[in-house]
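> Please work from the sequences and hints to get the whole structure.
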Amino acid sequence: MADFRTEVFQNEFLSDGATDVHAIVTVTSSGAGTAATSSGGVAEIVIIDTSGSMSGPNIDAAKYAAQVAVDQIADGTWFSIIGGSHVANRAFPYPNAPVAIVQMEPGAREEAKRAISYMRPSGGTAMSTWLRLADAIFAEVPQVAQKHAILLTDGRNESEPRAELSSAIYDVTGHFQCDARGVGSSWEVAELREIATALLGTVDLIRNPADIAADFKALVAESMSKGVADAELRVWAPQGAQVLFVRRVAPTVEDLTSRRTEVNALTGAYPTGAWGDESRDYHVAVRVPSKPVGSEQLAARVQIAVGGDVLASGLVKARWSDDSSLTARINPEVAHYTGQAELASVIQEGLAAKASGDEATATVKLGRAVQLAAETGNEEATSRLRRVVEIDDEEQGTVRLKRNTDKLDEMALDTASTKTTRVRR
Amino acid sequence: MVTCAACGTVAEEGSKFCEQCGTPLGAPAAVAEVPVVVVPDEPVAPAACRACGGTIADDGYCESCGEKAVSERDHWSELPSALVGGVCDRGRRKSRNEDAMALALSGTTAVLVVCDGVSNVPDSDIASLTAARAARDVLVTGSAGSTVGAWSALLVTATAAADQAIADAVGDTSGRDEPPSCTFVAAVVDGPTVVAAWLGDSRVYWLPDEGAAHQVSVDDSAANEMIARGVPRAKAEASREGHAITRWLGPDAETVVPSTGTTRAQGPGWVLACSDGLWNYCSEATDVADLLHRTITQVGSAPDVVAAELVRWANEQGGHDNITAALARVAAPVDTVHTDEAVPADRPSDLAPPAR
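In the order they appear, the protein sequences are chains A and B. Under full-length UniProt numbering, read the first sequence as residues 1 to 425, first letter to last. Under full-length UniProt numbering, read the second sequence as residues 1 to 356, first letter to last.
No lab work stands behind these hints, which were simulated from the structure alone. Accuracy of the hints is not assured; some may be wrong.
Stated by the list, open to error - What follows is a set of in silico ranges between Cβ atoms, one per label pair, in the way DEER data are often shown: (1) B:Ser-119 x A:Asp-16: 22 to 32 Å; (2) A:Glu-395 x B:Glu-178: 46 to 56 Å; (3) A:Pro-292 x B:Val-257: 40 to 50 Å; (4) B:Ala-150 x A:Gly-240: 55 to 65 Å; (5) A:Ala-335 x B:Arg-96: 43 to 53 Å.
What the hints assert, rightly or not - Computed, partial: chain A to chain B, Cβ under 8 Å: (6) Pro-238; (7) Gln-239; (8) Gln-242; (9) Pro-292; (10) Ser-295; (11) Glu-296; (12) Gln-297; (13) Leu-298; (14) Ala-299; (15) Leu-315.
Even glycine gets a Cβ: it sits at the ideal position worked out from N, Cα and C.
Right under this line is the structure:
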């Protein structure tokens, strides 16, 4: 069984009358084991875009990548392959097979790779059908606790209204996790981000079709390394308090506030998906009624629970003081991740403004992004920003929009906007 | 055999009033000896939250309101009888409670002991609690109706016992830069007689229901030396060095012979023993009496409840120090009653011995 531990970073001292308590809680798991040791088993579905636009090097690379992924899936893992266009088709097990999902073994591996080689591009793109088919296939193995999908596309979800996709995402949320990948520059970052965010996965851009295989290999390996099927983050706040927000802030920024389900009147649970041996940071903000100077109370218990059992708990405290040398201190972790979260949102807002032709807003937002990336030491973000804007003054955030930027550079900046760096300790 | 509930004097068969103090006889003693509340030496988290009544979780905070659980050492209440009670509290600003108290009712004699451990010195909390209990255990051996001289002698003995108890509890710490030490104040209330002994600035006040209140003890403090030199009281007590005490208990004490003082109640009232955590916010005896009477009007006259309210009030004023308030009720020493009309009809209800 995995060991979880928590570490809380905060300035617990509040000035007289202050009400808001911020803390960064680092949750670290160890001894999580692998998917092979996970109780209940693992199921993996690879979804490949087979719309007409994939014709050429994209489909060849995607098929090769899917075969590489199949090689990575450990024996015993339940798996299935889907080809998606304006409809979704099961590629393996073959459409005429009596079962929709099978356990991996050498024979199945060879047959699946053959099935993948038969995939042909044609038709449009309606991702809602892909997700709904994956959901239906996963439903065939209810005993499996850990369900993961990889979705690869090269284009927009053009064969159906956007609401169809959102509705499908809503319906399958909580049933499986999904990493979404876009190859080339014709896909929509916002669409894949919506899928990945809801389904607790990642979104990323693959510039070159030749790189798909390496990415799939890494994704499957990552999925196979997670020995804890599903953990939830629980946040207890005292009677009369309000949870302002709960955000994962590392490795990527993800607002979980609206994902709350009630454990009891004072405790909410937020989904975190599967865990391997890893460490994630959460930013929790709670508003408590102010108490007299000298009072101390607990502002939050931040817990990690697996299968309903609380495995670790971190205490977020509030102490009111009139000593300004204590209350004025800003906790470095809180400051860092507050900046990183703002960085993610100003990049996205800046690119959206640029896309809609609002250059003034884009310049201000991306300038702020440059400033925040410098302040928080996020050098990767700075170098990605550099491909989209000319930086005149990093400290002041003075920038000019570059002309004739590569669409891929903007998409790379967008998809990576939520990636954070950790605090240097 | 009939014994007077107020002063312990053995009365003749058939008497309606005590020969000694005039208290009506026959009525059941208002006060039965109640076992002294035992405070555990190790802090133990109580089961219920003091703020909301919720359950305290294993992490030491309330499961519903988040209030930090208060250990028994940080806050406790004693009520050895319906006439004697007190509360000892950490206050708001100090990280631990170095005040202590030990209360008892022995026969009809009330014993109040309050010690205030020297701030932020390691083991001062142990010293104060040990000292208070040791002194109480000596004082409960006294006999009701003893002379003031006998009580004074017993108080001196009790103080020495308290000092010895500190030495036993903390070992030889005289070599430390700051050995643990504490103030000491004890009061015995034997009928209308109040005898107090003290080292340091913890106080005993006599607060009659009617008439002038006064402080029975005299602080062994730099402030008092300043007052003796003519500095106004308020200014002296507010001064930075005013709080320095000139005598105390502990391994580095120069003398452990306390000063003693006495007063004889002319009517019903209260004896209050307290630490500076209370009197810092209310020093003059008349102000303390006003505060007490106001408090009784609000919460009734059960001594533990009144003490708790005094502590709450001091916390509301800032709670800068640990706060201890211990009260003993002096019932009406009616010297001149010879008829059944002992209790005039217009007597305010709060003058009667408090009932719980």
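> A separate judgement is required for each hint: does it hold in the structure or not?
Tested hints:
About 23 Å separates the C-beta atoms of Ser-119 (chain B) and Asp-16 (chain A), a value consistent with the hinted range of 22 to 32 Å. Between Glu-395 (chain A) and Glu-178 (chain B) the beta carbons are some 50 Å apart, a value that agrees with the proposed interval 46 to 56 Å. For the pair Pro-292 (chain A) and Val-257 (chain B), the supplied restraint of 40 to 50 Å holds, since their beta-carbon distance comes to about 41 Å. Under the hint 55 to 65 Å, the C-beta atoms of Ala-150 (chain B) and Gly-240 (chain A), about 57 Å apart, fit the expected range.
Between Ala-335 (chain A) and Arg-96 (chain B) the CB atoms are about 32 Å apart, so this pair departs from the stated range of 43 to 53 Å. Interface hint status for Pro-238 (chain A): upheld, as the beta-carbon distance to the closest one in chain B is roughly 3 Å, under 8 Å. Below 8 Å, beta-carbon pairs count as interface contacts, and Gln-239 (chain A) has one with chain B at about 5 Å; its hint therefore holds. The beta carbon of Gln-242 (chain A) comes no nearer than 13 Å to any beta carbon in chain B, farther than 8 Å, and the hint placing it at the interface is violated.
Taking 8 Å as the C-beta contact cut-off toward chain B, the hint placing Pro-292 (chain A) at the interface holds, the least distance being around 7 Å. Given the 8 Å rule on beta carbons, the hint for Ser-295 (chain A) holds: about 7 Å separates it from the nearest Cβ of chain B. Interface hint status for Glu-296 (chain A): upheld, as the beta-carbon distance to the closest one in chain B is roughly 5 Å, under 8 Å. With its C-beta approaching chain B no nearer than about 4 Å, Gln-297 (chain A) sits inside the 8 Å limit, and its interface hint holds.
Taking 8 Å as the C-beta contact cut-off toward chain B, the hint placing Leu-298 (chain A) at the interface holds, the least distance being around 4 Å. Because the closest C-beta pair between Ala-299 (chain A) and chain B is about 7 Å apart, less than 8 Å, the hint holds. Evaluation of the Leu-315 (chain A) hint against chain B yields a held restraint, the C-beta minimum of about 6 Å falling below 8 Å.
Going through the hint list in order, the structure does not satisfy hints 5 and 8.
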